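Residue numbers (this note's numbering), protein chains in the order written: chain V, 11 to 548; chain C, 4 to 288.
Calculated directly from the structure, the hints in this document are not laboratory data.
Quick caveat: nothing in here was measured; it's all calculated off a predicted structure.
With a cut-off of at most 25 Å between alpha-carbon atoms, the simulated PhoX-like pairs for lysine-lysine come out as follows: (1) V:Lys328 to C:Lys221; (2) C:Lys12 to V:Lys51; (3) V:Lys226 to V:Lys238; (4) C:Lys78 to V:Lys51; (5) C:Lys12 to C:Lys78; (6) C:Lys78 to C:Lys13; (7) C:Lys221 to C:Lys141; (8) V:Lys531 to V:Lys238; (9) V:Lys531 to V:Lys421.
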Amino acid sequence: MFGAGGGTSSYEELRETADLIILWGSNARDAHPIFFHHLLKAVHRGAKLYVVDPRRTASAQWADLWLGLDVGTDIPLANAIAREVITAGLVNEEFVARATTCYDAYRESVEPWTLDEAERVTGVPADAIRELAHAWGNSRYPQMCWTLGITEHHNAVDNVLALINLSLLVGGVGRHGTGLQPLRGQNNVQGGGDMGAIPNKLPGFQDVEDDALRAKFDAAWGVTIPPKYGLHMTDMFEAIEEGTFSALYVIGENPAQSEADQTRARKLLSSLDCLVVQDIFRTKTAEMADVVLPASASWAETEGTVTSSERRVQRVRKALEPPGDARDDVAIVYELAQRLGVDLGSPRPEDVWNEVRTLSPMHAGMSYKRLEELGGIQWPCWDETHPGDQFLHGRLWDNVVKNPAPFTPVKHSPPVDVLDAEFPLRLTTGRRLESFNTGVQTGGFSSPLHVGGEALLVSPEDGARYGLRDGGRALVTSRRGAVEAPVAFDNNLRPGLAFMSLHFPDLVEVNVLTIDATDPKSGTAEFKATAIRVEAIA
Amino acid sequence: MSVLLAAPKKMIELTVDGEVVRVFEGSTILDACRMLGNEQPTLCYGDTLTPVNVCRVCVVEVEGARTLVPSCSRKVEAGMVVLTDSERVRTSRRLVMELLGSSVDLSTAPDALAYIEQYDAKPDRFGPDAATVVQDVKVDNDLYVRDYSKCILCYKCVSACGEDHQNTFAIAVAGRGFDAHISTELDVTLPESACVYCGNCIAVCPTGALMSVPEYEKRQAGTWDAENETVVSTVCPYCGVGCNLELHVQDNEIVNVTSPHDHDVTEGNLCIKGRFGYQYVQNRR
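Chain C on its own, in the form it takes in the complex:
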């Protein structure tokens, strides 16, 4: 039996960097770029998250538009003419990376480091006294740490904890301006907060500000060995929902558990048992 699930969609034609592309109505400029294999830098964009338009690194120039527009959320329109690599775009992206690079520790953020290089950004041009968000690492439980010296305020953790996926609402952005920061309610510790330790925030964090304890401790001890890590897909051993797991293994030891974003059961999300409940296997060793 065949079932019509949705009305057929209209195709929209636009031009990106001189190339004509046709995409479904409702697609974003970023989708159109990707159709052409023209990858754009993104930090706050998440393939499983509603766009929040805060990082401004994916901005592009649209002919006739007064300002640059975020490609991750702006929907395509017929006849749109888009420039992704104009001087104006490059200048804007460079400044974004310089501001982030001068104030935030990006040492575990490979994408951000790549964009700094790609746009020839000079984060140190604001001098040694530039303001930073440096602070102590928050280690208040045995499952994951929060190092907000590495936080670029992309909101992804907030979206994943909130309405996009987990609906726990344990964290939000508090403060204004440079003091804006990710916070639990009243800035209490995680064990005192509403957190249920699903770790779906870790799964979307682009900078390593949120990190599992095993990874954090191995990095501290200098035994983190990403190069020799293997990743094996399997199914969670707990309830019957059938969440796919990716076991990240270093030296016959599970160091992290994730779920594929394109797996339609989880969209990359897990619960506390799926993400952290694997230790029993290794306690037998």
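Next comes chain V alone, as it looks inside the complex:
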């Protein structure tokens, strides 16, 4: 919608200025603990906090109001909030008229979502939706923050658009203190996008299918870049299945355990002619590889940069010598190029970065020296006199707005894995405070919070209904597979909802259960919505 993907505002604005914070599909207290410190300072200052999440999470326990919606009903809830904001006359009419387009179509699209209809579909009481809508409409500095509860769905992009629509309605973007913050789950997922490690962009979010931009890179690199968008990971798996994709080079990813519908993912990985894995560990994926390239830990054994959730580019530095034959990622790629007959010179991270600066205008002003002196710089940073921008899209408040932001009507589309008599429970997944993704890293330290490893969390009501015992074991079955897991009762889950993390795949292979229904645009799988049944194991 806005061109470059990144949080539009900064932690400091949230901490010091925001008067209303919504965490939507985000359990930042556990998943982004230090961001939550900023949020709590805002709460102590008097900002209101609303948490939208199927679970009553550790974050929700700090909220003025928790809206416990049914998994996958985010769009009905957002549309009902919009309708109430409109009906109550709380729209920022001047902003909408001046800085947006397609408002009439949007207004029509949310019209069916009355409070009562939304209550029926989402499970959130109409009064609670009304309260949030009025708080949103009356807020001067609203902040909308979300995480994978929004994006790990088959309609991820529509979910994000639903939240962006809400911000446009109240002028909640492009001003100091207000904005949209997608909290990034990994230390450089933002930087990966910045650097063009996505199928449709070159470094600096420059479109692959823009001939002039591509020509600039062609000239700099002395090659011809294919003029079409590439494949994202989900597409790649489909291409393997279709037989049009026979070799895969995996860097720092563990798809044999992290992909949804893992049985299928492993089958496809093993059907490749050639699988190369570059990783700091012998992961399950590495065990399947034809060639393993041992890498160094990018945050402690090499030099470079990463980009945080608030678009801040910061330096990482080498503190340790890597073990054995492990080498820096840049050195490995350069060596590979050498073997393929291309001499890229000597592998110096700062040289690579300076090349980025010549090709990506939004990074041009970020020399290593300035990154050091300023403690990181937020993009865009156009030249060496530019301080970086704390918030994005200030242009929407210009007297004449050249490229107004469009409202995008979005329709409700329930989770693909439907609930029925055979699979009556909704399983959702998420992160725990002390663990990370497939546990490859966090399995390495002895945390008192690891106790118990993985467990199926269910409400005590469902425990009773399905004859489970707190501390017992259960067979968990989805339409794709079954796993055994310990059971724990959790009062913060509503009946009908179960929870597991993906952190202990060696104990419980949760991704045997999950569905690989993916969003066609983002390629993200619907990890948040699996239909299961549970049976007690004696």
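Given chain V, work out where chain C should sit, using these hints.
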């Protein structure tokens, strides 16, 4: 686009040890002293914490005031006349250090040891029978130990665990008088308590009462090598918040992880993964 974030502040003029200094309204006497390069001893003061005024080692004399005042929290006033090194101030600071030094193990508290020397304090003057807080080290988890024989009750850990930063409230001061001590709820072990192992208490502890397990074990084994420690700044490998880390490395091994207090993302705070989750890098060795 420029944004006015706050009203301009008034300047206040005062005198410290005969020198005139001008600071922003709302500054503390300690801030004014530091403007002059006139460093004051502090123990319970933390640059990222709300002052709690308990250690009394930073007290100064303010002309016209009946009692000595804590410089870390008392706000400056126009025309204030402050003495930081008068006999009265030195006597008070000396007594504070003697009381602490006689009852607490300060062997891993470099600042406190320096103040004992600076104020010519004689902790042993209360005799060999002086009461102490000596007790067994609490080792009840694999991440950090609590040695309350070294605790001076500065409250910094309580503030960091509480409203100043972490808002977990796993610890508080229990008991009264000499029996006052830092305690979890009902004095349960850390694994039974509300502790989330962020270690933000360790980050502010001025005496080494709270210490990471690697540091504790190396000190016990006599292999702690602070002199050859290097500190490298980098960014946490976990979530996308972008917390800066300082990796404390001895002999190609990470022994502690901290975050700079002046880094505006963390203010020196981390979570369990940032502070303790580094071990995987070293498990490859």
